[in-house]
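*Asks:* The residues making up each chain are set out below.
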Amino acid sequence: MTDGYHIVVCGSVVPDPLQTLEPIETPTGPALKNEMMLPAVLDPWAAHALYEAANLASKVTGSKVWLVSVGPKAKLQQVMMTIAQRVSFELVPVDSSASGFADAHSTAALLAETIQSIAGLDRSRLLVFGGWESASRGAGATMQLVGERLEILDQFQGVDQLSVQADGSFEVLERIEAGRHQVSVCQGPPALFGWATGNLPEPRNNPQVGMANMRTVMPALQRAKSEPLPAGGLHFLSATPPKQQRQTRVVKDLSPEQIAQEIAEWIGK
Amino acid sequence: MSRSILFLAHVAEDGNTLPKVSYEVLGAALKLTKQLGARLTIGLIGEDVTAAAETVAAAGADRMLAVAGPDFATARYASDAAAAEALCRAAGAELILAPATSRFMRVLPGVAHRLKGCVDTHVTALEANTIDGELHATRWHYRQRIEAVIRRDARPWIVLLESGCEAAWADTERTGAPAAAKVEEIPVTLPKAATRTVVSGIRAPKSDAQTIRPDANLLLVAGAGWTKKQADGKTHVDQAETLILDFLRASGASLGGSKSLVDQSGDQSGESQAVLGFMTHLNQVGQTGATPRHPKGLSTCCHGEEPHVVGWRFINERRAVNLDPNCGWARGKADVLYVADAFEVMAKLNALLGQRSRTSPEEPMMKATVNPL
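Respectively, the protein sequence lines represent chains V and F.
All residue numbers for the first sequence refer to the numbering used here, where the first residue is 4 and numbers rise by one.
All residue numbers for the second sequence refer to the numbering used here, where the first residue is 2 and numbers rise by one.
Hints are not guaranteed to be accurate.
[Claimed, not checked] Here are the computed lysine-lysine pairs in the BS3-like style, where the Cα-Cα straight-line distance is at most 30 angstroms:
1. V:246 - F:32
2. V:255 - V:272
3. V:272 - F:21
4. F:230 - V:255
5. V:228 - F:117
6. F:32 - F:21
7. V:255 - F:183
8. F:297 - V:246
9. F:349 - V:255
10. F:117 - F:32
11. F:193 - V:67
12. V:272 - F:297
13. V:272 - F:349
14. F:229 - V:255
Source of the hints: derived by calculation from the structure; they are not laboratory data.
Make a model of the complete structure from these sequences and hints.
*Replies:* So this is what it looks like as structure tokens:
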């Protein structure tokens, strides 16, 4: 068995999904209009990864969770006020862009470099968690690039379940096509897991956890180093919201029988 | 300008073909090869690629390479990465096109790093500029809410193409048996560290019925309205379950659910909330779920504005049944909005579909097939 896992969760902030997003042109490429004004949340899949990490750490004595987050310091601070109340972790912030237009390769390089700089991190106990995609870039590539830079060969994406077996191995369920899961058994750390939804509900706010976290979160944010994110040879020729507006035919005066008849004919075509 | 293109694919679960989307990507690769005057190499991964190679032997590739053997039968990151890396290096291509299957989505970003190249996933179009041959890729950002066209300086450039974006290549010239493929096998020996993970099988979701069918012609999107109080002031979840499952069976449609409905199923707060038993997060479509691609979509009891509507952004023909004529899910997004009670409409629709299948049992309303991988 293990002395506990060192779980590093990669996750950043994204605009609240309910906000209207409008792209604008800037000298450095596309960005969102009023990006810094938009309310932010922790990326949904990264949040699942964080909750799963905290759950695993709570079950295995000696485990510790770090949250490595690359994003604008002000936004990170705003989001941490909520997230820090849910589960225990140590924040490792990097003041940089969390834009969905940032290059996955550049973001991965910065994440890997930051993970490697965490003092006391034990590779033989290392589990790297993150969302399998983000709600901003949606590349589904960043975690694999981080894993390669950390020389982790056991990688899993679209993870919905991670179970530690009696011999210390992991059983992993990854999403594949047609709503199924691929089942794998991995011998143990180091390993990387890009989480899908998982199975855990969102933890309730716990003010005591929040107070304990904030003792380290605020100083960490103050110390956060500012890092530019290079474009990495990625050029945007355009970025536009979908404009297609359909001319919806609104049918109000048909009976259920008539509607069913019309739909049946339509799907049978 | 890319003068050498590698079409990369893995063998499907049946062991005899490639996943359906692979033939679409091959179609795109052949189109670009012609436009750019490039050389095309086909690279295959699998336990035994012989039968799958024959299905693309007539595509006219300059070379066909393969990494094969028991180590490459299943979708494991370490072995797939080693195989794909070896194929990419052997082909020496500047552009590598691959299908966005779960197997390749897992592994090809890492391969791009090993090759000191770059990768883009979820690409929906890849076109060569007619003047200078520069490649432009189209992909979505912010979960299908902003569409961008990009280009990359770095090479090799690995591009994973989504399904439904290109016409599939088909061996239309063939009249007899498939052509024998001349395959060059690339030897790959895995280090011990690459075998720490063992794929032990495939598990279907906890569900009474198979409700996710990527190749179905129709997507039924069920919204939270199904579990809300109806006109009589009561919920009718059992009836909703029966109506939806009956429709899926009769039509062969795939099932998607809105986040609010799916979250109800996963809610462990202890509060009593009626849920649809077969609905899981795997069914979720939308901003934080899947954006499936089907020719037709029928939404029922769905509500919400733009962020939720992305769940059926890639559905071509859309119809909605909803009690609210001004609902943002349908207005301007659907081709037809039926203002009606979905319970009543679906009951009548199921009866009609059942009647038709009884009168012509050999011709179901819609043929449902399941994507093997």
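*Asks:* A separate judgement is required for each hint: does it hold in the structure or not?
*Replies:* We went through each hint and held it up to the structure:
1. V:246 - F:32: Cα-Cα ~28 angstroms, so holds.
2. V:255 - V:272: 23 angstroms, holds
3. V:272 - F:21: Holds, at roughly 23 angstroms.
4. F:230 - V:255: 22 angstroms, holds
5. V:228 - F:117: Holds - the C-alpha atoms of residue 117 of chain F and residue 228 of chain V are around 27 angstroms apart, at most 30 angstroms.
6. F:32 - F:21: 18 angstroms, holds
7. V:255 - F:183: Violated, because 61 angstroms separates the two Cα atoms, which is more than 30 angstroms.
8. F:297 - V:246: Between residue 297 of chain F and residue 246 of chain V the Cα gap is close to 20 angstroms, so the pair holds against 30 angstroms.
9. F:349 - V:255: Holds: residue 349 of chain F and residue 255 of chain V sit about 17 angstroms apart, inside 30 angstroms.
10. F:117 - F:32: 26 angstroms, holds
11. F:193 - V:67: 29 angstroms, holds
12. V:272 - F:297: Satisfied, since the Cα-Cα distance of roughly 11 angstroms is no more than 30 angstroms.
13. V:272 - F:349: 19 angstroms, holds
14. F:229 - V:255: Between residue 229 of chain F and residue 255 of chain V the Cα gap is close to 22 angstroms, so the pair holds against 30 angstroms.
Hint 7 from the list above is the single one not met by this structure.
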